[in-house]
Amino acid sequence: MSVLVDEDTRVVVQGITGGEGKFHTEQMLEYGTNVVAGAVPGRGGQEVAGVPVYDTVQQAAREEDANASVVFVPPAFAADACFEAMDAKGIDLVVAITEGVPTQDMARVYRKLQETDTYLVGPNCPGLITPGVAKLGILPGNIFSSGNVGLVSRSGTLTYQVVDNLTERGLGQSTAIGIGGDPIIGTDFIDALELFEADPDTHAVAMCGEIGGEDEEEAARYIGEHMDTPVAGFIAGRTAPPGKRMGHAGAIVSGSGTGTAESKISALEDNGVPVGDTPEEVADHIEDLL
Amino acid sequence: MSVLVDEDTRVVVQGITGGEGKFHTEQMLEYGTNVVAGAVPGRGGQEVAGVPVYDTVQQAAREEDANASVVFVPPAFAADACFEAMDAKGIDLVVAITEGVPTQDMARVYRKLQETDTYLVGPNCPGLITPGVAKLGILPGNIFSSGNVGLVSRSGTLTYQVVDNLTERGLGQSTAIGIGGDPIIGTDFIDALELFEADPDTHAVAMCGEIGGEDEEEAARYIGEHMDTPVAGFIAGRTAPPGKRMGHAGAIVSGSGTGTAESKISALEDNGVPVGDTPEEVADHIEDLL
Amino acid sequence: MRLHEYQAKQVFADAGVPTPASQLAETVDEAVDAAEDIGYPVAIKAQVHVGGRGKAGGIKLVESKEEAREAADAILGMDLKGYHVSKVLVEEAVDFVNELYVGVTMDRGEGKPVAMVSTKGGVNIEEVAEEDPDAIAREHIDPAFGMHPFQARKVVYEAGVDRDVANDVASVLTTLYQLWDDRDGADVEVNPLMITSDDEVIAADAVMNIDGDALFRQPELAEMGEEAAEGDELEQKADEYGFDYVRLSGNVGIIGNGAGLVMTTLDLVDYYGGKPANFLDVGGGAKADRIANALDMVFSDDNVDSVVFNIFGGITRGDEVAQGINQALEQFDEIPKPVVVRLAGTNAEEGMEILNEELVTVEYTLEDAVQRAVEFAQEVEA
Amino acid sequence: MRLHEYQAKQVFADAGVPTPASQLAETVDEAVDAAEDIGYPVAIKAQVHVGGRGKAGGIKLVESKEEAREAADAILGMDLKGYHVSKVLVEEAVDFVNELYVGVTMDRGEGKPVAMVSTKGGVNIEEVAEEDPDAIAREHIDPAFGMHPFQARKVVYEAGVDRDVANDVASVLTTLYQLWDDRDGADVEVNPLMITSDDEVIAADAVMNIDGDALFRQPELAEMGEEAAEGDELEQKADEYGFDYVRLSGNVGIIGNGAGLVMTTLDLVDYYGGKPANFLDVGGGAKADRIANALDMVFSDDNVDSVVFNIFGGITRGDEVAQGINQALEQFDEIPKPVVVRLAGTNAEEGMEILNEELVTVEYTLEDAVQRAVEFAQEVEA
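Protein chains in written order, with full-length UniProt numbering: chain A, 1 to 290; chain B, 1 to 290; chain C, 1 to 382; chain D, 1 to 382.
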């Protein structure tokens, strides 16, 4: 088993006619993902990589029985694309890859999301993958392998690094979710941990956080209170100087007590989560926990 | 017993320093209503009819343990007053008397209302009364008497007429609710009927509708499917010519099949609800049903 | 409050909706000059609030100066379903290949605006709605968020609009929603939205109804509304006084407070064998001068033989009503028409005491008051 | 993106927030002229993005022409916590009886904007937040509805603002929220909002941080942002290139893709005994020319002794990265600093084949690549 993505996932790609949309549609198809449609206004009736394009997500979902969407549209239109996907009947998973979505747009998307049963992963995320089954997003499929380690991470490329370390020593993954590092995201650590906890085929979870915000601290408390499945952690940004903004919005050290690497690491350790000093060490911990 | 209003109802009056606000606060107090506070921005610290005024509803609710609000503010500010009351911790009943609230304002209020557990009665309504206990609004208390007939009506003065007929022959009321005749209202017929159905001390319900909209038809179906408490009905506007707008927005005959007096009367009768030809006859029916 | 076509078109055009070239004319000469200016063919369209203007002869397509003069002469001054035509819009005739319906209105039942698009434009959309409801695509708008761009596209594509014009139609719909939202619209519609052979979209008609309760914050539209006011002298008077008034064909004048109660009074007049002359709701909290105005209105109606005055007070106070009645009636040497008054509710007893029983007949129940007024009317007719 | 005080004040004033009379000056003479114009006392304020400007000597209150000259001379050109002061704002000194804090920001945890008011204005609000959190009243705004008027009043009264000025303070807050909403604000603040003895409110400082991701739809602010850009040459270059870049004090240059992985690379440099010279994230989907620009940046940093280039590809494709590296390095007769490259992920193998191993050292794991770069740096230092 797996979470969010399985054999029945039927994907519509929003923005399939764009450069990245087309490239990653091909990559997803090659990986075996059931990409059944694209959606681009005004481009209905065309085909991209053999996939039929519709003018609206609703049409794509209706005609091709799609139940998930991956969003590759430019930042200015990404929020609208998320609203469209959340609105479309049948779509219950939306994966927003787009980087650079204005925060206020996302606040509105997040507000609407609370009223739906849809899962939104991202934005500014690499997507998610159930190895050997399907990937939704831009993750490089070849580094993943099927297994029983769940993975959730705020950082795209750090996810790949940790997966690489896991895969190299034969620790396959049930599902890996890149939740994205933006200030406002759909699925957060706790949502993902909840899903992994409920999945009988996920036997351990690797959780990669970074400085900024308090999501890791809250997730640590959640793990301590609600999880039986063991978790190992990693926190990026130990050496980041206070007050400096390191890349995306999430990665800023506020200088006060919370949000620092120390605060996150000790919250995790206090709740029984071993934290690796290097990505390699995360794999060590997972090996121990299984 | 009663619905929505009882001995524990503690009222804050929004707009208490205005002419109508002051007059009806005095009337409510005289009737025995527990009016504990007023709320008018910039008027905190004053007193009206012996009632302390606060600058915000939140302060009034906190300081005086108010749990209900009656809104007397002018139409341009009425929606904001409703939002404020819905937002205030402790307030779970809002009665908006104000007439002439722009419909789009009410659409926004109604949208927010769906996310709360608050009851909003109105706008453009006379309010509600549990005879002998308390009245919230502008209903003339002296015509009501305590008893076991529930009353719900879209029209203010028509309510009074029917109550007068009931009271004259000794049929007292548990609670009477004027839901208002605007296109968008908070508590509708079905909400009120649900409350009466659940109230062991309401033994029959009088429901006064009028032409326009489909609320009476929907209520009729609800009564047929869900109610054990007997209901008698009245529909105003039998002689209204099609296409003419009769007073408030509710009272317009669309000319098509629904919304006419005939459509409403037959929907009620089809669901076992006797409909009076005159207000007097409604009292006759109620007498029979008890 | 409904704007005239020419006013709504101006509002739409200002907001960026493509409209045909047009000029307003109030005389035949003005109309002919406008037609010459614009170039033939032009449509000459009566500016009155009447459905089915075309069928009733209120719209004529003309090809020449002579035809223009003839058409303007026929339409200006005509009586269109009871409305006097004093203005025509002279408008470029658009050569179209398709006609769409595009509109935004409030769905009362849902408490939400709804955007609608249909490829069956150019005809009465209410008929389409009844006979072929699926021919109209509907998209409810969340009033907290407003219309998302995708929603405009979605409803346009769901309606089956051609892909080549879908974007432009969605753009018109977006503008209509924006106008609906910004200008407190009740209904904002274009029907037909014409599609030309080279895929241009043009609003060939324009409907804009404004929420009367919101006119206080729409001063520009309120002013247009005054220009657009129609109806007979009494209805215009009611507008001035701020009454909800509808003139009917009977002879029992009816004044009351609250739409439901006034309608019930009408129903009872009918029930007791009389014929209502009007619906007149003085509204809540009516003060003495409003009451006097209401009496003035009903007395001004020559059809009225008797008046029933039915006030059940909540906000409206019986003593003020009584004062108003006295004031209004004391001005007359002789009361023009018998008035039956029934007061109940807030301060009703005080009111009863104030009422001058030499001027009015006082009754204590609604049924009695209506019956007495019907009797008075029957006596006059007899 | 943060505006300078003088820019933010202009934006606030244009939106109707009362601000003191002020003039911008870039020379001592300009500053003195401005002070003479405005009339004493005036404040002379360094225009740099530094907290605690006042304490650090960046704000001086002057009473005369002589003092103005002295202060302007001292402040213009000074180095304030590492920032060069090239502009001062000369501003009317306001006589106040109270100082408030009023601001709007995004509460990440809630995913909602929050409006904040405190009567403890005029000091570092972060300190107030930590030491006396109840001294700041907070009101979360529903991003679907925007700020309701009652919310502005509520938070102002909850903060304990005097009733006499509550309405004006609520009005400033409403404007700040509107600016936050319309202009894609991240933080929009006035601290202090001064209250004068005759109950006037005046914004004595102005903070406006804009969401960098929204600058595409805020062209006017984006232009101001360019004017406001600060930092050393390399940081300005990074801005031009559109890189997320932070200069640090070590000697191992770091280039990578994705904030988390780059931070991890920094952490590993430290873990293996080295010192990171910078954080440089080339972002997702980095094309060849961006890669070349990134190398150019790190080479331009004199502190850098070796470079580790760590790319794990998702959107970023290994072959394009490799081409970029080759292109950048082929320009040099001699490679200025040793570069260790580690590619993984999408098209990594193609990339490895493309890489010119005469120009770079290739490693296959992150740990090996970092260790090798640390070794190179240590060799140079040795």
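None of these hints come from the bench; they were simulated from the model.
There could be a bad hint or two in this list.
Said to hold, decoys possible - Straight-line Cα separation of at most 20 Å, DMTMM-like style, residue types lysine to aspartate or glutamate; simulated pairs:
(1) Lys89(B) x Glu381(D)
(2) Lys112(D) x Asp277(A)
(3) Lys112(D) x Glu214(A)
(4) Lys112(D) x Asp188(A)
(5) Lys287(C) x Glu20(B)
(6) Lys112(D) x Asp80(A)
(7) Lys112(D) x Glu158(C)
(8) Lys112(D) x Glu20(A)
(9) Lys237(D) x Asp134(D)
(10) Lys89(B) x Asp142(D)
(11) Lys89(A) x Glu36(C)
(12) Lys287(D) x Asp188(A)
(13) Lys337(D) x Glu363(D)
(14) Lys120(D) x Glu70(D)
(15) Lys275(D) x Asp87(A)
(16) Lys89(B) x Asp301(D)
(17) Lys112(C) x Asp80(B)
(18) Lys89(A) x Asp319(C)
(19) Lys112(D) x Glu115(A)
(20) Lys275(D) x Asp134(D)
(21) Lys112(C) x Asp87(A)
(22) Lys22(A) x Asp319(D)
(23) Lys275(C) x Asp277(B)
(24) Lys112(D) x Glu214(B)
(25) Lys89(A) x Glu110(C)
(26) Lys112(C) x Asp277(B)
(27) Lys112(C) x Glu214(B)
(28) Lys112(C) x Glu218(B)
(29) Lys112(C) x Asp134(D)
(30) Lys89(B) x Asp134(D)
(31) Lys112(D) x Glu218(B)
(32) Lys22(B) x Asp142(C)
(33) Lys112(C) x Glu115(A)
(34) Lys89(A) x Asp164(C)
(35) Lys112(C) x Asp191(B)
Q) Between Lys22(A) and Asp319(D), does the CA-CA distance stay at or below 20 Å? A) 18 Å, holds
Q. Given the proposed pairing of Lys112(C) with Asp134(D), does the C-alpha separation stay at or below 20 Å?
A. Measuring from Cα to Cα gives roughly 39 Å; hence the hint is violated.
Q) Are Lys287(D) and Asp188(A) close enough, with their CA atoms no more than 20 Å apart? A) The hint is violated at about 30 Å.
Q) Does the alpha-carbon distance linking Lys89(B) and Asp134(D) stay inside the 20 Å limit? A) 18 Å, holds
Q: Take a quick look at whether Lys112(C) and Asp191(B) sit within 20 Å of each other, Cα to Cα.
A: 19 Å, holds
(Q) Against the 20 Å threshold, does the CA-CA distance of Lys112(C) and Glu115(A) hold or violate the hint? (A) Holds, at roughly 16 Å.
Q | Pair hint Lys275(C) and Asp277(B), alpha-carbon separation not exceeding 20 Å | A | Holds: Lys275(C) and Asp277(B) sit about 17 Å apart, inside 20 Å.
Q: Below or equal to 20 Å on CA atoms is what counts here, so check Lys112(C) against Glu214(B).
A: Given pair Lys112(C), Glu214(B) holds - Cα atoms ~15 Å apart, limit 20 Å.
Q) Is the Cα-Cα distance between Lys112(D) and Glu214(B) 20 Å or less? A) Violated: Lys112(D) and Glu214(B) sit about 37 Å apart, past 20 Å.
Q. Does Asp87(A) lie within 20 Å of Lys112(C) when you go C-alpha to C-alpha?
A. 16 Å, holds
(Q) Would the hint linking Lys89(B) and Asp142(D) be met if the CA-CA limit is 20 Å? (A) Holds: Lys89(B) and Asp142(D) sit about 16 Å apart, inside 20 Å.
Q) Quick one, are Lys120(D) and Glu70(D) close enough, alpha carbons at most 20 Å? A) 32 Å, violated
Checked against the numbered hints above, the structure violates hints 1, 2, 7, 8, 9, 11, 12, 14, 15, 16, 18, 20, 24, 26, 29, 31, 32 and 34; every other hint is satisfied.
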